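Top to bottom, those sequences are chains C and L.
Going by my numbering, the first sequence opens with residue 1, and the numbers climb by one from there.
Going by my numbering, the second sequence opens with residue 1, and the numbers climb by one from there.
Think of the hints as simulated: they come from the structure by calculation, not from any bench.
Predicted model, so just to flag it, every value in this text is computed and none were measured.
Heads up, the beta-carbon is just placed ideally off N, CA and C, and yes, glycines get one too.
Some hints here could point you the wrong way.
Stated by the list, open to error - Examples of chain C residues lying across from chain L (beta carbon under 8 Å, computed):
| no. | residue |
| --- | --- |
| 1 | H82 |
| 2 | E85 |
| 3 | N92 |
| 4 | T93 |
| 5 | D96 |
| 6 | V112 |
| 7 | E184 |
| 8 | L237 |
| 9 | S240 |
| 10 | A343 |
Stated by the list, open to error - Which stretches of chain C does chain L cover? Using the computed rule of at least three CB atoms under 8 Å from a CB of chain L, they are:
| no. | region |
| --- | --- |
| 11 | 38-46 |
| 12 | 169-176 |
What the hints assert, rightly or not - Far from chain C by the CB rule (all over 12 Å, computed), these chain L residues:
| no. | residue |
| --- | --- |
| 13 | I223 |
| 14 | G229 |
| 15 | V300 |
| 16 | P302 |
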Amino acid sequence: MKRFTSLMLAVVLGATLLAGCGGNSAGSGDTLKIGGIGPVTGGAAVYGNAVKNGAQIAVDEINAAGGINGVKIEYKFEDDEHDAEKAVNAYNTLKDWNMQILMGTVTSAPCVAVTEKTKEDNVFQLTPSGSSVPCTQYDNAFRICFSDPNQGIASAQYIGQNNVASKVAVIYDSSDVYSSGIYEKFAAEAPNQGIEIVAAEAFTADNKTDFTTQIQKAKDAGAELVFLPIYYQEATLILSQANTMGFAPIFFGCDGLDGILGVENFDTSLAEGVMLLTPFAADAKDDLTAKFVKTYQEKYGEVPNQFAADAYDAIYVIKAAAEKAGVKADMDASAICEAMKTAMTQISVDGLTGAGMTWTSDGEVNKAPKAVVIKDGVYVAL
Amino acid sequence: MKRLKINRDYLITYGIVIVFYVIMSILKGTNNLSSLFKGLLVPLCVYMIMAVSLNLTVGILGELSLGHAGFMCVGAFSSAFFSMIMKDSITNPIVRFIIAIIISAVVAAIFGILIGIPVLRLRGDYLAIVTLAFGEIIKNIINILYVGKDADGIHVSFKDAASLGMGEDGKIIINGAQGITGTPNDSTFTIGIILLIISLFIVLNFMSSRSGRAVMAIRDNRIAAESIGINISKYKLMAFAISASLAGMAGALYAHNLATLNALPKNFGYNMSIMILVYVVLGGIGNIRGSVIAAAILTVLPELLRGLSDYRMLIYSIVLIGMMLFNSSSKAEQWKAKFSPAKLIKKHKTVKEAE
Numbered sequence: 001m002k003r004f005t006s007l008m009l010a011v012v013l014g015a016t017l018l019a020g021c022g023g024n025s026a027g028s029g030d031t032l033k034i035g036g037i038g039p040v041t042g043g044a045a046v047y048g049n050a051v052k053n054g055a056q057i058a059v060d061e062i063n064a065a066g067g068i069n070g071v072k073i074e075y076k077f078e079d080d081e082h083d084a085e086k087a088v089n090a091y092n093t094l095k096d097w098n099m100q101i102l103m104g105t106v107t108s109a110p111c112v113a114v115t116e117k118t119k120e121d122n123v124f125q126l127t128p129s130g131s132s133v134p135c136t137q138y139d140n141a142f143r144i145c146f147s148d149p150n151q152g153i154a155s156a157q158y159i160g161q162n163n164v165a166s167k168v169a170v171i172y173d174s175s176d177v178y179s180s181g182i183y184e185k186f187a188a189e190a191p192n193q194g195i196e197i198v199a200a201e202a203f204t205a206d207n208k209t210d211f212t213t214q215i216q217k218a219k220d221a222g223a224e225l226v227f228l229p230i231y232y233q234e235a236t237l238i239l240s241q242a243n244t245m246g247f248a249p250i251f252f253g254c255d256g257l258d259g260i261l262g263v264e265n266f267d268t269s270l271a272e273g274v275m276l277l278t279p280f281a282a283d284a285k286d287d288l289t290a291k292f293v294k295t296y297q298e299k300y301g302e303v304p305n306q307f308a309a310d311a312y313d314a315i316y317v318i319k320a321a322a323e324k325a326g327v328k329a330d331m332d333a334s335a336i337c338e339a340m341k342t343a344m345t346q347i348s349v350d351g352l353t354g355a356g357m358t359w360t361s362d363g364e365v366n367k368a369p370k371a372v373v374i375k376d377g378v379y380v381a382l
Numbered sequence: 001m002k003r004l005k006i007n008r009d010y011l012i013t014y015g016i017v018i019v020f021y022v023i024m025s026i027l028k029g030t031n032n033l034s035s036l037f038k039g040l041l042v043p044l045c046v047y048m049i050m051a052v053s054l055n056l057t058v059g060i061l062g063e064l065s066l067g068h069a070g071f072m073c074v075g076a077f078s079s080a081f082f083s084m085i086m087k088d089s090i091t092n093p094i095v096r097f098i099i100a101i102i103i104s105a106v107v108a109a110i111f112g113i114l115i116g117i118p119v120l121r122l123r124g125d126y127l128a129i130v131t132l133a134f135g136e137i138i139k140n141i142i143n144i145l146y147v148g149k150d151a152d153g154i155h156v157s158f159k160d161a162a163s164l165g166m167g168e169d170g171k172i173i174i175n176g177a178q179g180i181t182g183t184p185n186d187s188t189f190t191i192g193i194i195l196l197i198i199s200l201f202i203v204l205n206f207m208s209s210r211s212g213r214a215v216m217a218i219r220d221n222r223i224a225a226e227s228i229g230i231n232i233s234k235y236k237l238m239a240f241a242i243s244a245s246l247a248g249m250a251g252a253l254y255a256h257n258l259a260t261l262n263a264l265p266k267n268f269g270y271n272m273s274i275m276i277l278v279y280v281v282l283g284g285i286g287n288i289r290g291s292v293i294a295a296a297i298l299t300v301l302p303e304l305l306r307g308l309s310d311y312r313m314l315i316y317s318i319v320l321i322g323m324m325l326f327n328s329s330s331k332a333e334q335w336k337a338k339f340s341p342a343k344l345i346k347k348h349k350t351v352k353e354a355e
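So here's chain C without its partners, still in its complex pose (with noise of 0.2 Å):
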């Protein structure tokens, strides 16, 4: 009976050692801290880690100018591996660091989780690419990037007004929230556009290698524009195996696309033509575009895609807002919250996807939409 109860203690030590110190939401003093959250392993890696090298571009070059207010930025960055459940306990951990603004979190799903909490706990939160309406339905939660039902609209809109094609084959992901939420919305205002939507055709997470049987119904239909409202990895097998079944529509897709051109052995011949919605072009002439691409190619030896550049906005639009709230490095987390929710509809940001910038209350970005098109292996804007 001794051992058991020396045991027992032993359990209750232990118990007691992983709960560590309690946490609250206090500054720190002498340096702000934004934390952000998003995957950096896992399938969405691609995301997170843009997101991660962005914001960390833009923490840079404001610390070096000085900070915000004279306040230097203190910046981490915590793995959520695309999971609602990570990302609330990547929110925990960074709470526990006593995080003052949230810049986060990369992906939809997790972050309507993380949003519940930062309401709770009534927290400024940005996301540079959360995208799904439920994203923003605080009144504390503001975002970068469009929602999936605008960037929809705004599609169809676009083919409509421009008359690039009336009959359209769509070929998306069912079971991923970006891309169902951006079909449902384009097969909602595409009629009002002139747009017959002569092939809807899906595919899941689990199934997405062999598109030829979409690919065959899009063709048989008779689309003249295939709509991909998808990610990149998809769209450069669809338009390999549609030109290997000699299928040549125009491809149509939204920002999900850009990257499209920096695949490993993608033959970039095959992405001529293609047309996409999307807030950022890498080879964009203007000064600050360059200065960023050449900044992360330097450091992080990649092409930064539309990720990067909606956290690099997101920093400054943070350093905007919290300037014109004057914020200090000593309020706590709420209290700067309340300063930031009104001053962010007061700003106006231009910044790398879009200028003049503004928000409305409900947490969404009012910018214009940018169509490019891939000529000779580069974007061009239309």
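Since chain C is already given, all that's left is putting chain L on it; use the hints.
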């Protein structure tokens, strides 16, 4: 005499859970618990229940199930669906959550029976593969399921949200791949621990019941069990259904802990099924207490390793391999036999008995 010893062993298991609960509650009450751990308490309960539940299938029934996350998925979606519909009618969160848990357990048990009827006729590897398939089927069906509610009642579609044809006041509850958003946050650590104790109580008592002994007899020697007149299909199905309903309860707890519920490969796919199997194997097949502890360790470990940033998942895998090797070595077996709390109490008696 024998019966008393078994019960004492069980009491230690309950004791560990209760001690864990008391310590965590005290730490939480005195504000000494970090936010990370506060957030981890409910997931801990979820995975511990899952481990107990799968151990019933793998350890007691002796059949390898690779689709256990499917039952968790069914429980999660059925309970979240109920809560979403009843959000306005039943305002007491505890009452609503208890009903939701019961629904999840019943629905998951029904699925367990439906799937069990064809699956349990198979044996060994075949059974494992078929359960794997069923787990994936459940996940994929949920991903194309659209359910909405308006004044006319409930609309169901397998195509897309637009084809639900809902009225003006319609609200989509299950939106295909986007799942259920806005589930009320009803899960608490206390309810989680109560569910864990209920699961332990059910499984441990089942093991020492007549039916449980029949199930174990089937596991140990099917032909011998059949020859003494045990109805193989009935007992197998019974154990499988209980296991499924416990997994459903864990699913309800999971669903009401997060505001979003999607059926992704990560949380309800085979990845999760394998993860739960890892808890069971690490804790010891057939060892209920071991699997609870293993589930707790493996849930907390990746969070404690956050400090290692980029190397986190790499180190986690290495630690996992290390633990598996350690746990299966004969030296570790000896060490465990020496220091196991159950053994410590009844050690001298067992030695005498053996002699």
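Return the numbers of the hints above that this structure violates; sort them in rising order. Result: hints 8, 9, 10, 15, 16 break, sorted rising.
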